[in-house]
Amino acid sequence: MTVLLAPAPRWTPPRRRALTLAVGEVAVGALLAGLAVLALTYLDVELTPPWQAALLVLCAWVYVAAGTIAWLRRPSSRIGLLMTVGGFAWLAAALVNTEVPALVAAGTVVTTLPIAVLVHLLLAFPSGRLPGPVARATVVGGYVVCLVLQAPLYLFGGHGPLAAADRPDLVTAGEWVQRGAGALVVVCACVLLFLRLRAAPPAQRRLWALLSAYGIVAVLVFPLGPTVARLLGDDGLTVFVVEVTVTALAPVAFLVVALRGGFARTGEIEELGAWLGADAGGRPPLTEVLAAVLGDRTVDLLFRVPGERGWVNGAGVPAVPPSAGDGRGVAEVELGGETIGAIVYDAALRPRSQEVRDAARVVALALDRERLTVELRASRARLVEAGDAERRRIARDLHDGLQSRLVLLAVQAGVTAETAGNGAADVAELRAALGAGLRELRGEIETAIDELRALVHGVMPAELADGGLAAAVEALADRLPITVVLDLDEVGGQLPPAVETTGYFVVSEALVNAVKHARADELTVSLRRMPGELLRIEVRDDGIGGAGGTQAGHGIRSMTDRVEALGGSLRIDSETGAGTRVLAELPCAS
Amino acid sequence: MRVVIAEDQLLMREGLSLVLTRAGFEIVAVAGDRDELVRKASAHRPDLVVADIRMPPTHTDDGLRAALELRRRRPGLPVLLLSQYVQRRFAVALLESGEEGVGYLLKQRIADMDRFVADLRRIVAGGSVLDREVVATLLDRHRRGDPVGRLTERQREVLELMAEGRSNAAIAEQLSIAEKSVVRHVSHIYETLDLDRSPDDHRRVLAVVRYLSA
Numbered sequence: 005m006t007v008l009l010a011p012a013p014r015w016t017p018p019r020r021r022a023l024t025l026a027v028g029e030v031a032v033g034a035l036l037a038g039l040a041v042l043a044l045t046y047l048d049v050e051l052t053p054p055w056q057a058a059l060l061v062l063c064a065w066v067y068v069a070a071g072t073i074a075w076l077r078r079p080s081s082r083i084g085l086l087m088t089v090g091g092f093a094w095l096a097a098a099l100v101n102t103e104v105p106a107l108v109a110a111g112t113v114v115t116t117l118p119i120a121v122l123v124h125l126l127l128a129f130p131s132g133r134l135p136g137p138v139a140r141a142t143v144v145g146g147y148v149v150c151l152v153l154q155a156p157l158y159l160f161g162g163h164g165p166l167a168a169a170d171r172p173d174l175v176t177a178g179e180w181v182q183r184g185a186g187a188l189v190v191v192c193a194c195v196l197l198f199l200r201l202r203a204a205p206p207a208q209r210r211l212w213a214l215l216s217a218y219g220i221v222a223v224l225v226f227p228l229g230p231t232v233a234r235l236l237g238d239d240g241l242t243v244f245v246v247e248v249t250v251t252a253l254a255p256v257a258f259l260v261v262a263l264r265g266g267f268a269r270t271g272e273i274e275e276l277g278a279w280l281g282a283d284a285g286g287r288p289p290l291t292e293v294l295a296a297v298l299g300d301r302t303v304d305l306l307f308r309v310p311g312e313r314g315w316v317n318g319a320g321v322p323a324v325p326p327s328a329g330d331g332r333g334v335a336e337v338e339l340g341g342e343t344i345g346a347i348v349y350d351a352a353l354r355p356r357s358q359e360v361r362d363a364a365r366v367v368a369l370a371l372d373r374e375r376l377t378v379e380l381r382a383s384r385a386r387l388v389e390a391g392d393a394e395r396r397r398i399a400r401d402l403h404d405g406l407q408s409r410l411v412l413l414a415v416q417a418g419v420t421a422e423t424a425g426n427g428a429a430d431v432a433e434l435r436a437a438l439g440a441g442l443r444e445l446r447g448e449i450e451t452a453i454d455e456l457r458a459l460v461h462g463v464m465p466a467e468l469a470d471g472g473l474a475a476a477v478e479a480l481a482d483r484l485p486i487t488v489v490l491d492l493d494e495v496g497g498q499l500p501p502a503v504e505t506t507g508y509f510v511v512s513e514a515l516v517n518a519v520k521h522a523r524a525d526e527l528t529v530s531l532r533r534m535p536g537e538l539l540r541i542e543v544r545d546d547g548i549g550g551a552g553g554t555q556a557g558h559g560i561r562s563m564t565d566r567v568e569a570l571g572g573s574l575r576i577d578s579e580t581g582a583g584t585r586v587l588a589e590l591p592c593a594s
Numbered sequence: 007m008r009v010v011i012a013e014d015q016l017l018m019r020e021g022l023s024l025v026l027t028r029a030g031f032e033i034v035a036v037a038g039d040r041d042e043l044v045r046k047a048s049a050h051r052p053d054l055v056v057a058d059i060r061m062p063p064t065h066t067d068d069g070l071r072a073a074l075e076l077r078r079r080r081p082g083l084p085v086l087l088l089s090q091y092v093q094r095r096f097a098v099a100l101l102e103s104g105e106e107g108v109g110y111l112l113k114q115r116i117a118d119m120d121r122f123v124a125d126l127r128r129i130v131a132g133g134s135v136l137d138r139e140v141v142a143t144l145l146d147r148h149r150r151g152d153p154v155g156r157l158t159e160r161q162r163e164v165l166e167l168m169a170e171g172r173s174n175a176a177i178a179e180q181l182s183i184a185e186k187s188v189v190r191h192v193s194h195i196y197e198t199l200d201l202d203r204s205p206d207d208h209r210r211v212l213a214v215v216r217y218l219s220a
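Chains G and V, in that order, are what the protein sequence lines are.
Under my numbering, residues 5 to 594 are what the first sequence spells out, in order.
Under my numbering, residues 7 to 220 are what the second sequence spells out, in order.
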């Protein structure tokens, strides 16, 4: 499958414009806030090099930038919002490096908050929503570890604006509690990620595995950083740079994966309807639009079409919808109370089907159109097949029947020429023998003519070609062994040839069915020209009924195909015991 | 005997001319479409008109229309209509223009020259001739539970030949039975089908055809 990125629409919906404006304001706010933080940064080259403080602000900006892009491309997902929040958390943490005591205090409190946000991001990817109570508890745990359990460190550390006492023992105890709780949160997150990975569609599993691994590393890089620095004998500066870089690249990784998942610059689901209606000419196929809007490249459509009991895919081929448990969701699309199709989507990407159902509601009309196209394609194929089969039949009849008979005739003529009158005593006897042979030949030729006539009749009844539909139906009725009541007086004038042949086909098919299956005593055929250039064909019998049903027979299917090919409609009422009524209406504007 | 032929297909016209000439008919005019037929048949006042039903200008039933027009102008004008296929409604329309001197046959019947020429002479003599396929179609319509179904096999055969326009004598000869038996069968058929008695062999075809068409 190709990458399903819908082309950018030529217009921007109003809601989009408002959103762009809001997100832009947030981004500008982050930019200004970052600059303010940098301006207030305490410049003591000895203690903290200025680039070190700048690195934190830069990291915050990366978060906000990635968040902004994700937010704009997928307004319905909260992942962009979450990334932006992460950016502000980084800005807040960077306040530690400022000269203002109140800001330093605030920065001290939230100093590890970015890690909690990272855990949140990891577990909420890609929908931006947490998939269950365990995930929610884990994320809450992360925030508690980072905000609450951080308190002993700055309260009892002995220095800083929030220091209440200098109690190294309490600090050590607090550190251990925080580490233990933090480890628990990380383990929980790992298990959740692993479980989600197993449920992920195979196509996405590798990418998700990479992303999850990277996320865990990014979460652990700060808590474990000092230990690693100690082990390596590093002064802490190199490790710090690595820490910030790994963390800063996390939202970039999220964004890249999200974009590969089919983020396109399209609108929200609510805008889908307007988007679909915008440019009907060069509009991409519905599947692509849905894939782009839902951000799910695996989106597929199934249809219900008349004449098929189950679902069919876009090619009109019967298809089985995915069952629960294999990571696929199915949202049925209804129109006028009737199920017309279904959207099959990636359940892992969208744990809540509500959005897909909303989309289904919006695209119902478009999907109905697509469905008709699918049905049209299938019926067109059946018509072509029927035409081919008919030609094969004609060719076979000509070969096996007429041609063989003509060959036989030629042989017979040759034999007569050679042998007739052999041993005849006189001219009279010779003439008699020749005459007998030739008369026999003539009889055979007449049989061949009869055969040819029957053949031509099967291809196109001469009555239909010469006399029109009413005459042909009359002749047809003449040949049936059942009483046929005809009501042909209101056929009106000349009908278009295609209407005549199709009408004839319907009547003959219905009559043949009635004679073969219905055990009818009486048949009624009525042809009537209705107002609005419509030919109404009705064939009724008083037989046993029960024709048609869900699994329509081949004859009924080809009747329907041919009628619908002319833009007409066909209905069959055939309740068991109540006879059968075939009603066809054909547009007949000539 | 003078004949006007109306046939737009060259091969068929040749065949028809051959058969008619050999049977001693004189072809006084040949027409290729409806108007020409009406014009020439009116001008030449022939003893017989032989016309294809399907011909220009509409290629549908122009021959039949011309024949009806001609017989309206000159009642009793002997007309034989030929057709690639037979249709009951054509037969009925022709018979309703008057039962004397009309015929309706499949084109291929001209190959059986003796029989064809005999049919022609019957038409000229004021009789009527219907193709056996038309008659078979008519009879096929009556299979279940109606008076025709109550006829014996022999009576059905007689009815068939009656519908073809044969006289009692011809039926007797065809079925190799005595003419008196034919008369008995015919009266039984009349009773069974409740037909009005017709004194003349030649005037009963329409009654039978109408009965069978109903």
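Take these hints with a grain of salt, some might be off.
Stretches of chain V that chain G covers, calculated by requiring three or more beta carbons in the stretch to come under 8 angstroms of a beta carbon on chain G [what the hints assert, rightly or not]: (1) 56 to 67; (2) 92 to 103; (3) 113 to 124.
Just so you know, the hints here were simulated from the structure itself, not pulled from any lab data.
Quick reminder that beta carbons are idealized off the backbone N, C-alpha and C, glycines included.
Quick rundown of the hints versus the structure:
Only when three residues or more bring their CB closer than 8 angstroms to a CB of chain G does the claim for the region 56 to 67 of chain V stand; here the count is 4, and the claim holds. For the region 92 to 103 of chain V, the stated coverage by chain G holds: 3 residues have a C-beta nearer than 8 angstroms to a C-beta of that chain, and at least 3 were required. Here's how the region 113 to 124 of chain V fares: 3 of its residues keep a CB closer than 8 angstroms to some CB of chain G, so the rule of at least three is met and the hint holds.
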